[in-house]
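Number of protein chains: 2
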Amino acid sequence: MRPEDSALVAEMLDEYGNRVRVAMAEYLRPREPRRYLYSLVSDYPQRGGRMLRPSLCLATARAFGAGEDDALHTAVAIEMLHNAFLVHDDVEDESDTRRGRPTLNALHGSPTAVNVGDALISVGLKALLDNVDRLGLALAMRVLIEGEQMVRETVEGQAIELGWRRDNAIHLRESDYLNMILKKTCWYTTIFPMRAGALIGSRGEVNLDRFIRFGFFAGAAFQIQDDLLNLIGDPIKYGKELNGDIQEGKRTLVLIHLLEHVSPEERFRLAEMLSRPRNDRSVDDVVWIRDRIDAYNSIPYAQRIAHGLAGAAQHAFEEVFRNVPDSRDRRFVQGIVRWVLART
Amino acid sequence: MRPEDSALVAEMLDEYGNRVRVAMAEYLRPREPRRYLYSLVSDYPQRGGRMLRPSLCLATARAFGAGEDDALHTAVAIEMLHNAFLVHDDVEDESDTRRGRPTLNALHGSPTAVNVGDALISVGLKALLDNVDRLGLALAMRVLIEGEQMVRETVEGQAIELGWRRDNAIHLRESDYLNMILKKTCWYTTIFPMRAGALIGSRGEVNLDRFIRFGFFAGAAFQIQDDLLNLIGDPIKYGKELNGDIQEGKRTLVLIHLLEHVSPEERFRLAEMLSRPRNDRSVDDVVWIRDRIDAYNSIPYAQRIAHGLAGAAQHAFEEVFRNVPDSRDRRFVQGIVRWVLART
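Protein sequence lines, in the order shown, are assigned to chains A and B. Position one of the first sequence corresponds to residue 1 (our numbering), numbered consecutively onward. Position one of the second sequence corresponds to residue 1 (our numbering), numbered consecutively onward.
Misleading hints may appear alongside valid ones.
A pair counts as met if it fits within one copy or between any two copies, since identical chains are not told apart.
[Unchecked claim] In silico SDA-like pairs for lysine to any residue, Cα to Cα no more than 20 Å straight-line:
| id | residue 1 | residue 2 |
| --- | --- | --- |
| 1 | Lys-126 | Glu-11 |
| 2 | Lys-126 | Ala-138 |
| 3 | Lys-250 | His-108 |
| 4 | Lys-126 | Glu-94 |
| 5 | Lys-250 | Leu-172 |
| 6 | Lys-250 | Gly-109 |
| 7 | Lys-126 | Leu-139 |
| 8 | Lys-126 | Arg-142 |
Derived by calculation from the structure, the hints in this document are not laboratory data. A quick note: this is a predicted structure, and the numbers were derived from the prediction, not measured.
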């Protein structure tokens with residue numbers, strides 16, 4: 001991507017991210033029960049993050065004509081619900097680390113972490129209810145309806161991924177994977193932020209259907225790139241353990257490609273390794289799987305798919321934003337699609 | 001309570017319960033992902049239950065002037081959110097049994113159960129959004145705002161109770177307990193069902209503040225009676241393991257009374273027993289604690305409190321329903337307060 005696009009994306013993530021952080025602080029203010037709940041509710045949100053999702057919502061809203069802060073409560077809700085999913089995901093995956101620090105479940109136990117996730121859902125809902133004052137009843141209700149669908153799609157995607165791991169699914173296809181991440185990743189990362197933004201910016205006048213395609217292409221490219229970084233990222237910049245997904249037995253596009261292409265003997269061995277609980281996969285197992293990934297060119301395959309999706313996303317962007325006049329916000333959304341693949 | 005009151009309560013729980021079950025079926029219809037999600041989402045709701053909460057909502061709404069089914073979606077939402085709390089509670093308490101069958105976490109593992117609870121929250125939210133068609137935007141939004149507060153209060157109450165167990169809190173007072181169950185039990189059992197019902201029935205005209213007092217008295221009497229049944233219920237009718245709360249180390253009013261009144265030596269021993277994980281409390285430990293409960297008359301004490309609260313609830317009922325004309329629905333709500341203590 002061109003250096004000036006990259007600079008714009010970084011600058012606006014910073015600017016909009018800060019704006020959302022200020023608004024979030026109001027929803028995360030200390031109150032009772034503090035020690036058992038609200039000091040934990042604000043933990044993940046305060047650990048920082050790129051603020052990609054709420055920024056995408058603010059930029060889309062403004063590109064479609066919203067006033068300065070019309071989408072701010074919605075952006076806060078997106079970040080709160082994102083954090084709720086992270087908290088519950090960490091419990092479900094028994095993860096130890098999140099953004100370089102111990103997870104809430106590692107710090108306070110899974111029972112409390114489940115409850116903190118529930119609290120974050122209710123804070124997200126509160127932010128969406130607070131849309132009424134600025135947007136009016138009808139528009140606020142439409143955003144709520146979008147929000148409910150987003151939560152439902154995410155939970156369905158999570159169910160599919162958890163089910164695959166529990167059943168040690170090994171006969172999966174590219175299309176199964178893409179359907180799963182459409183639900184699990186794309187709805188809350190790209191589709192809902194842009195649909196809600198366009199709804200608010202156009203006061204309900206824009207056709208939202210087209211955002212599903214666009215959001216799917218961009219969100220899927222984002223997720224595949226994220227999984228690739230787990231295998232080939234710069235260990236220092238990446239901040240998570242390399243090959244952690246292999247350790248977890250996560251059904252990534254790379255793993256699904258590998259399972260489709262290995263020899264029957266190798267598939268048998270791979271299935272046996274994947275059938276064991278996470279901590280029963282040895283370093284040797286992980287090294288062997290990683291070696292097979294290289295032998296079968298599963299990484300270049302996933303890179304090709306991610307590039308194809310990013311290209312489709314750029315095409316879809318032109319279609320969806322055709323009648324939207326040029327602005328910083330419009331350029332930011334366009335830049336995000338390119339930025340997804342440039343991440344390291 | 002008089003036999004005719006008791007018969008009316010039983011009859012209307014049956015009638016309204018069935019009405020809610022029919023409406024619920026629409027929200028629980030089989031769909032994909034079925035095996036990994038929706039067949040599990042419908043599990044707890046299909047195990048049956050008294051339908052106390054949704055019936056209380058329907059009856060209050062109609063007593064205050066609602067049409068036949070004006071509060072039906074709200075009643076469905078109450079039952080869905082109740083089931084969401086049950087699913088997450090069972091994960092948090094590592095419970096094995098719910099309504100005579102293995103819990104969702106026992107059947108499918110905690111990761112999937114956490115996700116099923118999240119799905120039930122989204123189904124409950126969907127039912128509240130569906131209020132718009134019948135109630136209009138403004139009233140539907142007010143019910144949503146009530147619903148968000150209910151979820152928040154419940155999560156706060158749950159945080160307090162989980163925190164007490166995690167920290168092995170032993171210096172608790174009656175007032176700590178009553179504040180905890182106001183949040184954890186009363187909001188979703190009595191306060192929200194009646195507030196939402198009165199809101200719908202009166203089209204937003206009634207003052208909802210008074211329902212907090214009334215709902216607290218009735219709900220607290222209900223919770224204390226529930227805890228007492230765990231100690232002195234008929235083992236066959238009760239359907240759960242007697243003394244299970246002692247095994248779990250649950251901070252009931254009975255246990256709090258005991259902790260306040262035992263000798264220093266006994267408190268030391270009791271604190272040590274309670275500090276251990278649930279499965280490290282032996283049958284002998286439970287028998288000893290149960291024996292101390294009898295020695296210090298903690299059960300009659302809790303019974304006195306429950307009766308006092310039920311009396312206060314009857315008084316509050318007269319106040320809140322003063323201008324509400326006599327009807328089967330009004331008599332049902334009044335009967336519920338008496339029924340709470342008559343349960344076995």
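| Within, between, both or neither, where Lys-250 and Gly-109 count as close if Cα-Cα is 20 Å or less | Cα proximity of Lys-250 and Gly-109: across copies only (17 Å, versus 23 Å in one copy).
| task | If the cutoff is 20 Å on CA atoms, where do Lys-126 and Arg-142 land: within, between, both or neither? Let me know, please. | result | This pair counts as both: shortest intra-copy Cα distance 15 Å, inter-copy 12 Å.
| request: First find the shortest C-alpha distance between Lys-126 and Glu-94 inside one copy, then the shortest across copies, and answer within, between, both or neither for a cut-off of 20 Å. | output: neither (28 Å within a copy, 30 Å between copies)
| task | Classify it for me, Lys-126 with Glu-11: is the Cα-Cα distance of at most 20 Å met within a copy, between copies, both or neither? | result | Intra 29 Å, inter 37 Å, cutoff 20 Å: neither.
| said: As a check of your reading, is Lys-126 near Leu-139 (CA-CA no more than 20 Å) within one copy, between copies, both or neither? | reply: Cα proximity of Lys-126 and Leu-139: in one copy and across copies (15 Å, 17 Å).
| message | Please sort Lys-126 with Ala-138 into within, between, both or neither, judging by C-alpha distance up to 20 Å. | response | both (17 Å within a copy, 16 Å between copies)
| query | When no copy is specified for Lys-250 and His-108, does a C-alpha distance of 20 Å or less occur within a copy, between copies, both, or neither? | reply | between (25 Å within a copy, 18 Å between copies)
| request: Could you place Lys-250 and Leu-172 in one of the four classes (within, between, both, neither) given a Cα distance threshold of 20 Å? | output: within (12 Å within a copy, 45 Å between copies)
In this structure, the hints that do not hold are numbers 1 and 4, in rising order.
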